[in-house]
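**Q** Going line by line, the protein sequences match chains W and R.
Counting in my numbering, the final residue of the first sequence is number 695, and the numbers go up one at a time with none missing.
Counting in my numbering, the final residue of the second sequence is number 120, and the numbers go up one at a time with none missing.
Quick caveat, the hints were computed from the structure, so don't treat them as lab data.
Keep in mind that a hint or two might mislead.
Heads up, simulated DMTMM-like pairs for lysine to aspartate or glutamate below, C-alpha to C-alpha not over 20 Å straight-line [to be verified]:
#	chain 1	residue 1	chain 2	residue 2
1	R	65	W	178
2	W	407	W	449
3	R	58	R	88
4	R	89	W	39
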Amino acid sequence: MAIDLAQFHQVFFEESFEGLDVMESGLLAIDCNEPVDLEDINTIFRAAHSIKGGSGTFGFHRVSEFTHGLETLLDQMRSGQRQPDQRVVDCLLGSVDCLRTMLEAMQQGDNANDADVARYQAAIDAILDQQNAPVSSAEEPAAHLPPAEAVNSAVESPSSGWRIAFSPRAQLLQRGNDPVRIFRELDELGELEVAPDFIGLPEFGEFDPEICYLSWRLELAGTVDRSALEDVFAWVEDDCDFAIQPLGAAQSCTDVSPQVSPEPSAESEAVAPATDAPPAKDTSDVDVAKVKTVKAKADKPKSAATIRVDTQKIDHLINMVGELVITQSMLGMLGENFTLDKLDALQNGLAQLERHTRELQESVMSVRMMPISFVFGRFPRLVHDLSAQLGKKIELKLIGEQTEVDKTVVELIADPLVHLVRNSLDHGIETSVERVNAGKSETGQLILEAYQRSGQIIIEVKDDGRGLNADKLRAKAIEKNLIDPQQQLTQQQIYELIFAPGFSTAEALTDISGRGVGMDVVRRNIQSLGGSIHIDSEQGQGTRIAIHLPLTLAILDGQSVAVGHETYIIPLNAIIESINVDDSKLNRVAGVGETFKLREEYLPIVRLQRVFAISGAKASKLSEGLVVVVEGPEGRCGLFVDDLLGQQQVVIKSLDANYRPVEGISGATILGDGSVALILDIPGLLRLSVREQYG
Amino acid sequence: MARILTVDDSSSMRQMVSFALSSAGHQVVEAVDGVDGLNKAKSQTFDCVITDVNMPNKDGISLIKDLRALPNYKFIPLLMLTTESGADKKQAGKAAGATGWIVKPFNPDQLLKTVQKVLG
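Bound conformation, chain W alone (with noise of 0.2 Å):
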C-alpha cells in the first residue's frame, strides 16, 4: 500500500516549530551560575527527538542528521554527563534557530543554506568531541558501524541452510510474543522443518496456561543470511536460549549448546571510537555569537494560512448553532399557521433568535482571537540575545499572556512592539554602572503586559530606564523644525514629539534600534490596526508606553447617519459629539476651507453631499443639519449630516477585496433592510475634503 507521507508535512511543520519554541524558551531558562533541572533539559531533549524522529520519517534527512548531534548533547547534559555552559546553551539556541531556518526553507520547497547548517554541525561536534572521548561510549556511536554480526555472517553465509534449537524461557508468552511468529517469519525465509520437544512438558495437573512449555528444533533450508535470521530473534532473544549452526556442520541438535546465543554489540562497542566525527582541531573555538548574526533573522511575519483553535471553542460553536437550528424549526412551525392568539410566542422566539444570533456571533469571533503569547514568546530571546549584545542586565517581565487578540493584530503587532522593545533596550534602560550611580538596581526591567479593558485590548511596554528627558526632546523638536521654539507645550505633548516623522533621539543610530523604521511607522501601523498609542516617562523612572487596540477588526460599532438617501457609517469610537451650528459661526479660511468655532477651536467642515456628490441632500445650511464631531489622528473635524439614524454593530466587508480602495471611505457593510452602506475613514475624508475644495 503506497501512503503519500506528504499529507502530514503540514502538521510536521506545526509541531516542529513549537517544539523548537519549547527548546528555545527551554535553552533560555537555563542559567548557568545554578544548578539546572533536568527536568527542563528533558522537557528541551523531547522536543529535540521528536523532530529528529518525525524528519527522518518524514523524508526530511537533512534535518534528522543535524538533529542527531543536538540531541547527543542534550542526551548528556540530562544524564548529568556534562554540565551546560554559555557556550553550549548559545551554540545550542544558535542551531535552533538553524533549524527553525531550514524547516522554513522545506516547507516553502527551497533547500536550506548548507553552509550556515554546517558551520553549526561543525560547532556541535566540536564540542561533543572535546569532552565526549574520555567520556564512556554512549549508547549512541555503535549504530553507525556496521554490527559486528554482520562481519561474522559475511564468512559464514551463504549457508545452504541453518539448525536452530529455540527453547523459550517461561516469560515469553508475557511479553506478548508467540513461537508461532516466529515460525512463520521463519518460513517466510526458508523452507522450514519443526519437531517439538515434550521434555519440559509437566503433568496434565500441573499445567499453567500462560507458561510455555515446549521448546523447539528447527531446521531452515534455503540460503538464508545469519543476519536475517537473527533479526526473527531479535524481540526474544532475552526471553529464550537459542543456538544457530549452519546445515551441514554433522553435529546433531542436541549438541548445539544453548549458551551461545548471539552477543550483540559487545564487541562493536569495544572498537567502536566515540564519534565518527572528525578531530576538533580549531573548529571547537568556532565563534558561536559571529555565528549566531550571520544567520537570517527570521523575524518576517510568519504566513499563517490555517489557524489552531482550542476545540472547547468548536464545541461551544456547534452547540450555538444547534439552539439556531432548534429556534428556527420551532419560529417556523409557529409560522406555518400563525394567528393572532400566538404573538406572545413569535416574539419570544424572536427574542430568542436575537440571543442566539448574538452569541453564535461571539462565539465566531473567538475563533480568530489568538493568545498574545504567539508575540510575547520571541521576546525573551530577543532579550536575551540584545542584553548580551549591548553588555545591560536585564529582566524581562511577561504578564497576561493569555489574553486574547484577534488574529490579524498578533500579526501584525509583532513588528511595532519588537521596535519598541529594542528602543528601550537601547536607549531605556541604562548600564548596571549607571544604573547603580543612579541607585538603582543592577538589573534593568522590562515588562510587557497585555490585558482587556472596555472593549479594548491594552499593551503596555514597561522599563525601569532613564526616562524621558523632555527639554532634550524640545530641543531637538525645534532643531529639526518640528515645533516653534515659541510654542507651549504640555510635557505630554513633548512625549508625543517622539512620534513625529523623521525624529529620534538617539545621537547616534545603532544597529539595534536605529533600523530606519521610526517611531512614526510605529504609530502608523498601530492606527492601521484601528489602535491608537500613548507614551508616558518621568525621568529617571522609566517609561510607559501603551497600545490600545480594538478586540477585533471585523466587527464595528457604527452610528448610521443619512445624506440624501444614502445612508453612512461613521466609527462609533470616532464620533465626539453631534451639534447644531448657526449657519452664523461658519468661516471660510484659506488653505483649510470652511470652518467654525468650537469653544475656543476652529474646526473644518466636511460637507459629506459636497464630498461624494450626493444630489437631493435635504440640507444645504448648516443649521438645517447636523455636525457630527469627529477625532481621527490628525484632529478633529466636523461632517456634516442631514441626520442621524442609529448606533448598530455592523460588519466589516472590505472594499478592497470586492472593489478597489476608494478614498474616504473603510468598507462597507449590509444593513438590516439589505441594503450597502460605506463606512467612513475620517483621516481619508478629511484630505478628500481639502482637495475637493483646493484640488
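Based on these hints, arrange chain R on the given structure of chain W.
**A** Okay, now just chain R, sitting in the frame of chain W:
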C-alpha cells in the same frame, strides 16, 4: 480487523501511524501521552498497543510496564517506537515487558508488516 491504540506526543507521527493502520482496515484510537494512553487502555480493550518512548507525563517504557501489570494486557502485543540509537531503550523496554520495537524512521509499509506480524 484489530483494535489498536497508538500513543505518541507528536501529532504528525500519531496521524501517520493512525492513517496507515486504518487504511489497512484496523480500528485505531490515539493517545497523546503515557497517562492518556493508560487511561484509554483501561477503559477500552485493544489487540495491540504501539507507543512512542520519549513522551511527557509518562514515558513509553513506564506505560508498557503499567500495561503489562493489567490482567487484560498480559499477553497483548505492546510495541514501542524507538530510534536506531536507542539500544538501551530497547533493553529497558524489553525489561518492562515490551513485545518488540519498530525502529524510527520507518515507513507505513514497515509499520504494517510488523503489526501484521504480531497480530498473527
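**Q** Does each hint fit the structure? Answer for all of them.
**A** Comparing the hints with the structure gives:
1. R:65 <-> W:178: holds, 19 Å
2. W:407 <-> W:449: Since the Cα atoms of residue 407 of chain W and residue 449 of chain W sit roughly 18 Å apart, the hinted pair holds (cutoff 20 Å).
3. R:58 <-> R:88: Distance ~18 Å between residue 58 of chain R and residue 88 of chain R Cα, so the pair holds.
4. R:89 <-> W:39: holds, 19 Å
When the structure is compared with the earlier hints, no violation turns up for any of them.
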